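Please work from the sequences and hints to get the whole structure.
Chains as they are written, first to last, in the numbering used here: chain C, 81 to 500; chain D, 81 to 500.
Don't read these hints as lab results, they were simulated from the structure. Among the hints, erroneous ones may be present.
All copies of an identical chain are treated as equivalent in the list; a pair is satisfied when it fits inside any one copy or across any two copies.
[Claimed, not checked] Straight line, CA to CA, 27 Å or less: simulated DSS-like cross-link-like pairs of lysine-lysine: (1) K450 / K184; (2) K493 / K409; (3) K493 / K184; (4) K493 / K127; (5) K184 / K242; (6) K493 / K242.
No experiment lies behind these values; they were computed from the predicted model shown.
There are 2 protein chains.
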Amino acid sequence: MQATVLTIGDELLIGQVRDTNAAWLGEQLTLAGVVVRRMATVGDDEKALQSEIRQSLDESDLVVTTGGLGPTDDDKTREAVAGLFGVELAFRGEILEDIRERFKLRGRSMPESNRSQAMVPAGFEVLSNRVGTAPGLWREIQEGEAAGGMLAVLPGVPYEMKHLFAEEVLPRVRRRGGLRAIVHRTLRTAGIGESSLQEAAGDLSGMLSDTLRLAWLPGPGGVRLRMTSFGGDREEADGRIAQLEACLRDRIGAYVYGANDETLEEVVGHMLRDRSLTVAVAESCTGGYVAHALTNIPGSSAYMAGGVVAYSNRAKVDVLGVSPDALRKHGAVSEVVAVQMAEGVRRRLGADLGLSTTGVAGPAGGTSEKPVGTVWIGYADADGVAAHRLQLVRDRMLNKQLTTTFLLDRVRKNMLAGRP
Amino acid sequence: MQATVLTIGDELLIGQVRDTNAAWLGEQLTLAGVVVRRMATVGDDEKALQSEIRQSLDESDLVVTTGGLGPTDDDKTREAVAGLFGVELAFRGEILEDIRERFKLRGRSMPESNRSQAMVPAGFEVLSNRVGTAPGLWREIQEGEAAGGMLAVLPGVPYEMKHLFAEEVLPRVRRRGGLRAIVHRTLRTAGIGESSLQEAAGDLSGMLSDTLRLAWLPGPGGVRLRMTSFGGDREEADGRIAQLEACLRDRIGAYVYGANDETLEEVVGHMLRDRSLTVAVAESCTGGYVAHALTNIPGSSAYMAGGVVAYSNRAKVDVLGVSPDALRKHGAVSEVVAVQMAEGVRRRLGADLGLSTTGVAGPAGGTSEKPVGTVWIGYADADGVAAHRLQLVRDRMLNKQLTTTFLLDRVRKNMLAGRP
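Dropping the structure here:
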């Protein structure tokens with residue numbers, strides 16, 4: 081089965097908004113066994129849209145569009161689709177009620193312009209949007225009519241699009257059948273860079289083939305290793321993956337913290353919960369990002385005691401009990417201060433583990449002794465306290481993310497080693 | 081002048097690499113006065129590439145491709161272009177010398193596979209690549225041959241592509257002439273949804289035309305309004321934008337916090353700095369996200385006193401001084417607790433402003449009285465303290481973002497009103 085992905089919006093063509101929908105859809109379709117043949121981006125222009133959708137339907141079995149379903153005049157996708165199939169836009173009362181209900185839940189009344197979102201091209205199925213106002217549209221095109229295939233029309237807001245694609249579009253595509261067997265599995269690593277990891281993994285070429293591939297995907301949360309097995313029956317494909325995974329875990333298992341969609345904060349969170357441990361975080365250079373990552377996990381209140389963003393020396397001294405002497409003598413970015421922050425936040429919040437970060441996030445503020453990217457991370461528990469120095473990069477946001485990854489990976493490794 | 085942007089590579093179609101070249105080219109072409117008509121992404125496939133380039137040359141005056149110029153077998157762009165124009169690939173010794181020289185500079189010898197990068201389709205001009213190995217290609221197509229227009233073939237490595245586009249392609253396009261003046265300006269709003277904002281803005285159709293457009297771009301950080309003025313000279317285009325901006329500010333100016341690339345945390349940060357105010361944040365449901373947003377701005381240590389992530393009741397009571405009685409009587413998600421958290425963090429960290437968030441972030445944990453998405457935000461300064469209730473959505477991450485936007489916007493509005 082082949083697919084074309086169309087993203088719609090003037091803001092994409094002028095580069096004001098960077099499209100993330102196309103890449104996400106490309107990945108999801110590929111994972112489902114659909115071959116993505118082409119992607120295209122057009123503006124909010126009825127004619128351009130129609131010509132692009134027609135061409136896509138001619139060449140592909142499945143066309144997914146995103147964008148142009150908002151309530152305002154510059155959203156043209158509904159009109160374009162109706163025009164292309166030569167049908168009218170019909171008002172659907174039940175959609176309007178849904179939209180009105182969503183506004184009511186948020187204590188607001190629905191503006192009149194949202195009525196346009198209840199207009200649906202005749203012959204299209206409505207994909208109900210539970211996380212936003214614009215419903216999606218779906219049509220399986222009959223032989224002889226326009227072209228064969230399936231057309232999914234989704235909103236451009238990424239989380240609405242993702243929800244509708246996963247909940248409504250993918251099940252319909254699967255029902256249609258004809259997907260080739262593909263099995264994917266991803267191992268997630270932290271605490272090591274891509275080339276060092278490859279070196280540690282050694283020569284894998286003997287294991288890989290046309291039916292078993294391995295992709296190295298680096299990112300701020302660590303390097304992911306995606307294994308893909310093509311063709312044969314499910315059991316065969318699973319067997320090939322299992323063999324490769326065993327080999328990888330044998331060689332680089334120490335760096336692997338999880339598989340597939342598991343995040344490091346999720347894995348660490350579950351380990352803390354299973355051990356009935358609580359954690360508290362004292363952050364300087366990460367400015368709240370570690371706490372943010374930990375609290376992104378639903379149910380994290382079971383193990384997250386809390387945190388202190390100690391951006392000022394006053395907060396370090398008053399709230400965390402860091403000694404003014406240590407700050408004066410070693411500076412805020414130092415082993416001593418990282419240690420005292422970790423101990424202080426653990427004591428202050430009565431947690432089992434105390435974590436800390438202090439560093440030069442950048443882009444300015446570095447010295448020859450402590451250049452931008454110099455970071456200390458601290459860890460304290462009942463068994464003791466330690467701090468480690470990292471030398472990271474020049475980008476402020478990336479330094480927050482990388483520090484968080486290293487810190488959480490240390491917590492994971494300590495728990496695996498039986499601490500505290 | 082109209083342009084089509086083609087990005088080339090299997091890794092883009094399967095979503096393994098997120099394309100950033102298309103958005104960058106879209107922005108640069110638009111700023112230069114070229115109308116980007118369409119973008120497309122195809123894999124490393126000769127036939128698909130030829131069909132896409134042919135169609136693009138038919139519809140546009142300028143076609144820019146990126147990718148597929150590497151030295152390996154899966155790079156097909158050179159062959160595809162030669163085939164499309166019915167010309168041979170010719171070996172150019174001077175290019176090979178350039179490539180060999182680049183390797184030598186990095187202390188390495190050139191692998192044999194790089195020879196393929198010295199093969200150039202006959203009739204194409206070579207755009208010398210001073211920052212990488214793959215040269216770009218350029219051709220101005222004669223009337224009657226294939227189609228009119230200009231074709232620029234660039235490498236996919238962003239740094240190399242940008243260099244070649246700016247140094248070699250743009251000057252050639254400008255020399256050709258016929259660029260129309262385009263001016264863009266974006267107003268950024270917070271604290272109000274897209275449709276309510278449109279209602280507040282009223283009927284604007286009388287002001288808009290083919291030469292002056294307005295796009296409404298919603299996101300978790302608020303709705304952006306992009307004004308675009310086409311044609312005439314620069315002064316004329318600027319004048320039209322200024323007139324529309326004045327009208328928008330007159331009607332919905334209270335919601336506008338900045339323009340173009342300014343973020344809310346940046347605007348609020350600069351206002352705090354200019355007033356020599358410091359801020360402290362007590363976060364429950366946002367779990368560190370407000371502090372993270374504020375500390376993303378370089379130099380934020382000047383006004384960010386710090387924060388407390390008070391995820392547990394113990395942290396609320398011990399660190400922030402929230403009364404156990406209030407927690408028992410009203411629950412953690414309540415006006416009283418939001419007020420006490422804001423007052424507590426302000427006092428604890430000795431800041432001018434104290435902010436707080438407490439709510440049901442979801443996806444679970446809601447009750448009929450306090451459903452998921454119920455959030456209280458608190459604000460305390462020398463003039464007093466207040467809390468406001470928000471009714472947000474079911475998505476945990478989005479609730480963090482939306483709460484942060486509302487809270488920072490309140491700080492902004494209070495400062496504008498002369499508080500504290």
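> Which of the numbered hints above does this structure break?
Replying inline: 2, 4 and 6
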